[in-house]
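Can you make the complete structure from the sequences, with help from the hints?
Chains A, B and C are the protein sequences, given in the same order.
Numbered by my numbering, the letters in the first sequence go through residues 1 to 279 in order.
Numbered by my numbering, the letters in the second sequence go through residues 1 to 326 in order.
Numbered by my numbering, the letters in the third sequence go through residues 1 to 287 in order.
For the record, the hints were derived by calculation from the structure and aren't laboratory data.
You may find that some hints are simply not true.
[As the list claims (entries may be wrong)] Derived DSS-like pairs (lysine-lysine); straight-line CA-CA distance at most 27 Å: (1) Lys238/B - Lys274/B; (2) Lys57/C - Lys41/A; (3) Lys153/B - Lys10/B; (4) Lys20/B - Lys10/B; (5) Lys27/B - Lys7/B; (6) Lys132/B - Lys188/A; (7) Lys20/B - Lys203/B; (8) Lys132/B - Lys107/B; (9) Lys203/B - Lys10/B; (10) Lys132/B - Lys181/A; (11) Lys107/B - Lys153/B; (12) Lys203/B - Lys153/B; (13) Lys238/B - Lys7/B; (14) Lys153/B - Lys27/B; (15) Lys130/B - Lys107/B; (16) Lys274/B - Lys27/B; (17) Lys188/A - Lys130/B; (18) Lys130/B - Lys181/A; (19) Lys203/B - Lys238/B; (20) Lys153/B - Lys181/A; (21) Lys7/B - Lys203/B; (22) Lys27/B - Lys10/B; (23) Lys40/A - Lys127/C; (24) Lys203/B - Lys181/A; (25) Lys107/B - Lys188/A; (26) Lys40/A - Lys139/A; (27) Lys20/B - Lys7/B.
[To be verified] Derived DEER-like restraints, expressed as beta-carbon distance ranges: (28) Glu94/B - Ser281/C: 42 to 50 Å; (29) Tyr112/A - Ser135/C: 54 to 62 Å; (30) Val18/C - Ile26/A: 29 to 37 Å; (31) Ile255/A - Asp128/B: 19 to 27 Å; (32) Ala252/C - Asn12/A: 54 to 62 Å; (33) Gly39/B - Trp107/A: 26 to 34 Å.
Idealized CB from N, CA, C, for every residue including glycine.
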Amino acid sequence: MTRNSLSVRQRNTGLIATAAAAVIFITPFLYIFFMAMKTKKEAALFLFSWPREWHFWSNLTEVIMARNYMLLLAYMNSTLITVGAVTLLILFGAMVGYILQRRPSGWNRLIYAGVLVGLMVPPAVVPTIWVLQGLHLFKTLQGMVLIQVAYGLAFSVLLYRSFIATIPRDLDEAAIIDGAKPLQIFVKVILPLLRPVTVTLIVVQSIAIFNDFTNPLYYLPGKENVTVQLTLFNFQSQFQSQFNLLFMNILLVTIPPLIVFVFFNRQIVAGMTAGAVKG
Amino acid sequence: MAGVVLKSLKKSFGAVEVIKGIDLEVKAGEFCVFVGPSGCGKSTLLRIIAGLEQATAGEIWIDGREVTGAEPSDRGIAMVFQSYALYPHLTVRENIGFGLSLARLPKDQIRARVDAAAAALQLGPLMDRKPKALSGGQRQRVAIGRAIVRDPKVFLFDEPLSNLDAALRAQMRIELTDLHRRLGATMIYVTHDQIEAMTMADKIVVLNAGRIEQVGTPMQLYNHPATPFVAGFIGSPKMNLFTGETARALGCTTYGIRPEHLALSPTAGTWQGKVRHIEHLGADTVIYLDVPSLGELVARVAGEMAADRGDMLWASPMPGREFRFD
Amino acid sequence: MKQRPSPYPYWFVLPAAVVFVTLFLVPTVASFWFSMTRWDLFTAEFIGWDNYRQFFKEPFLVQGLVNTLIYAFVTSATKSVLGLLLAVLLTSGILWQGFLRSVVFFPVLVSTIGVGITFQALMHPTKGVINLALSWVGIDGPSWLSDPGLALYSVAFIDLWKGVGLATLIYIAGLAAISPDYYEAARIDGATRIQQFWRVTLPLVRPATVTVITLSLIGGLRSFDIIWATTRGGPGFSSDVLASVIYKQYQAGFYGLATAGNVILFLLIAIIILPLTWWFSSREVDL
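So, in structure tokens, the structure goes:
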């Protein structure tokens, strides 16, 4: 089916669909943007309207300074958690996916079972807190990083495994004959070839971990450990009468994924639809 | 001397035995071709020599040293893969030098050796390209370059020409033979193509179902095949082979006659048959005859043959060219 | 003969396995034990099936269970149907197709909490944009999030708004995998557009359907943050689901009860997803 020119019908359907999508999917974002610019008084009206006065800078600085610069701390914590967890997820996921694909054996059934469990089973939160406490990792960023690794591993392994299946084994064997040790085969031959899927995973997992609310809520209580999503949630009750600031906060939380989406649209789509066609 | 010796080598995958006891000596400097139908175990045998597979039983000696349990990189071998297995993320130069850099050789030494190998294969202008930007023949050369630079005692080739088109394949056959002559190294070459075996080998090893069927020079195998299998495998078109009642009538269990060793005549001969199909190849003509007492009989005659489908022709075996197997 | 070590050593799996086993499997296994105790994280007193009995006796806990099922089925069904329709629309070569795909998908990437707060404002019974718009056409809009009979469905709608883009994306990939030859063959056989959809698209896009239904069911059953960001299970317990009940019990210090809720959620997912997966795979069409 070639589509070089649009028929009249396609053009009309397009216009109607665009209008509908604009109303349904874009309005809430415009609403966030407008609310974030308004004065406290105007925002309290909840209207979908052009701001009478623009208060971008004052609202921004006020949100950032709120509660002794809590938002900055939150951004730092969220960034640390995201970078740490994604790094480990890439490394561990690639290593497991590699062994899983390259070395078929009885152990693989066990690994597969683990992956399936990881994808399906909801984490047992309170016992996890109990384990974290035993390891002195409860309420620590390190603990949060490891939790995100444990929860994100299954997806990474599956994605890497199916990608590694497309890398011919001959390459490993050529490297063996060239004298490469197991770690050298992995680091010098396999890892560089995994770049496309690694970019996809970095993008997809970063967004997921950055946006995660539930897990920090359980495993990372305490003022000094706040993450971006927790701050936003807490501001909700604090800014009960300052909706302009609350929405400025939402705007700030929405911008990072928007930037990532603009630059990595293709990789995100690849990651989100991985395995969808195969079932 | 850099020969390869295999002693009662066996290999099983689970319950399936794919190599059923192989004894073989490849002399230093020899170009030895393993040939056989797919599934005969020739590739597995090569991979066992390379050390990529481990033998279930038996010994492998390379250059007078037992290497049965040695790492592939410690065996003094190099291998050229069917898919070439060039590292896609490295340039030609890095591909060829990969093994040397793993061995932590000094940079200038790597450079000198890579350049020498590249010069031998006329790869000069391609050194900074990635494999993706190379043609099939160029990739093939890089793969060979990667083998040469290791300065191995034994080269192993796993069907290296099967991904090339016919013209390039013919050219590479000549280049490989030249290379062998220049380097004087031992080469073991796996193929399913009997033409490659006949044109390149000093010594052919015919494998069938995990066993050696026969070892010999190309002409020994052509003139004196030890078994019907070898007789049928070497030569094109295939030798006419008859078994059962037909063969018993001719005084053996299997009777064979090559198509090129049949004389055709419109008037008289041993067997009369009806022409079912004719292939004009230009230099010679292949004729398929339906002979009532034998079945199908294929004959090849030089030049053009004036015959039509449905004609009756007589075919006679040339004296001394018949094979009788018991 | 001495076995040479494999070039694919198992220690590659070790770091991942250590993290996964300690922080995922151990707690999961331990949850079966702790769910049968009265527990304060330091001492656990075995009380048998009491926690479970309570879960199926207390009306608000039972409601949480029922709500979980309703919520999961509603979101999953709407996401699969609307996702497919949107995907068909967005692969038919309409104007600004690429832009529309992005617009539909972007909410998937946005913070759930942000979306929740935004919709709280949009769904405000008197000042909210939605009801304001409805009043223009003469409809008196309901209290979306504070009407006990409606709250759960309003949250499900927000979830649909945020999540339908993923379903659409998966369906678009599924549709792209269908060879245009089938449509051409169907057209030559005289199939109308509608017939093409039912006879060609729907059966051949099945793998995507399976993925969408499975993913959105699991997601729906585990759903927590969107509910917590909008209604916190309220008003009363009218929009509570298992995950929010678990959190509430955890906050109240009933760790054994919370863990029992976790086990029930786990079993619920297993009972629904495993037979479904089995059923889907048994009806696999060989293509």
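Comparing the hints with the structure gives:
Of the pairs offered as hints, the one joining Lys238/B and Lys274/B holds, with about 20 Å between alpha carbons and a cut-off of 27 Å not exceeded. Distance restraint check for Lys57/C and Lys41/A: the Cα-Cα separation of roughly 48 Å exceeds the 27 Å cut-off, and the hinted pair is therefore not satisfied. For the hint pairing Lys153/B with Lys10/B, the CA-to-CA distance comes to about 24 Å; that is within 27 Å, so the pair holds. Between Lys20/B and Lys10/B the alpha-carbon distance is near 5 Å, which keeps this suggested pair within the 27 Å criterion.
Proximity of Lys27/B to Lys7/B is assessed by CA-CA distance (about 14 Å); at most 27 Å being required, the pair is judged to hold. With a CA separation close to 18 Å, the supplied pair Lys132/B and Lys188/A stays within the 27 Å bound. For a cut-off of 27 Å, the pair hint linking Lys20/B to Lys203/B stands: about 21 Å separates their Cα positions. A threshold of 27 Å between alpha carbons decides the hint, and for Lys132/B with Lys107/B the separation of about 25 Å falls inside it, so the pair holds.
With a CA separation close to 22 Å, the supplied pair Lys203/B and Lys10/B stays within the 27 Å bound. Restraint check for Lys132/B and Lys181/A: satisfied, since their Cα atoms lie roughly 26 Å apart, inside the 27 Å limit. Restraint check for Lys107/B and Lys153/B: satisfied, since their Cα atoms lie roughly 23 Å apart, inside the 27 Å limit. Between the alpha carbons of Lys203/B and Lys153/B the distance comes to roughly 18 Å, so the proposed pair stays at or under 27 Å and holds.
A distance of roughly 32 Å separates the Cα atoms of Lys238/B and Lys7/B; the hinted pair therefore is violated under the 27 Å criterion. Of the pairs offered as hints, the one joining Lys153/B and Lys27/B holds, with about 12 Å between alpha carbons and a cut-off of 27 Å not exceeded. For the given pair, Lys130/B sits about 20 Å from Lys107/B by alpha-carbon distance, which is consistent with the 27 Å threshold. Taking the CA atoms of Lys274/B and Lys27/B, the gap is about 49 Å. The hint is violated against a cut of 27 Å.
Restraint check for Lys188/A and Lys130/B: the C-alpha separation of about 16 Å stays at or below 27 Å, so the hint holds. At most 27 Å may separate the alpha-carbon atoms for a hinted pair to count; Lys130/B and Lys181/A meet this at roughly 24 Å. About 21 Å separates the Cα atoms of Lys203/B and Lys238/B, which keeps this hinted pair within 27 Å; it holds. A hinted pair counts as satisfied when its Cα atoms are at most 27 Å apart, and Lys153/B with Lys181/A qualifies at roughly 21 Å.
In summary, the hint linking Lys7/B to Lys203/B is supported, as the alpha carbons are separated by about 18 Å, within the 27 Å threshold. The suggested pairing of Lys27/B with Lys10/B holds, with an alpha-carbon distance near 21 Å, which does not exceed 27 Å. For the given pair, Lys40/A sits about 15 Å from Lys127/C by alpha-carbon distance, which is consistent with the 27 Å threshold. Taking the CA atoms of Lys203/B and Lys181/A, the gap is about 35 Å. The hint is violated against a cut of 27 Å.
Between the alpha carbons of Lys107/B and Lys188/A the distance comes to roughly 18 Å, so the proposed pair stays at or under 27 Å and holds. Between Lys40/A and Lys139/A the alpha-carbon distance is near 35 Å, which puts this suggested pair outside the 27 Å criterion. Pair hint Lys20/B plus Lys7/B holds up; C-alpha atoms about 12 Å apart against a cutoff of 27 Å. A beta carbon spacing of about 45 Å between Glu94/B and Ser281/C agrees with the range 42 to 50 Å that was offered as a hint.
The beta-carbon spacing between Tyr112/A and Ser135/C, approximately 56 Å, falls within the hinted interval of 54 to 62 Å. About 46 Å separates the C-beta atoms of Val18/C and Ile26/A, a value inconsistent with the hinted range of 29 to 37 Å. For the pair Ile255/A and Asp128/B, the beta carbons lie near 42 Å from each other, so the given range of 19 to 27 Å is not met. Taking 54 to 62 Å as the suggested C-beta distance range, the pair Ala252/C and Asn12/A conforms, at roughly 57 Å.
Checked against the given bound of 26 to 34 Å, the beta carbons of Gly39/B and Trp107/A, roughly 29 Å apart, stay inside it.
Going through the hint list in order, the structure does not satisfy hints 2, 13, 16, 24, 26, 30 and 31.
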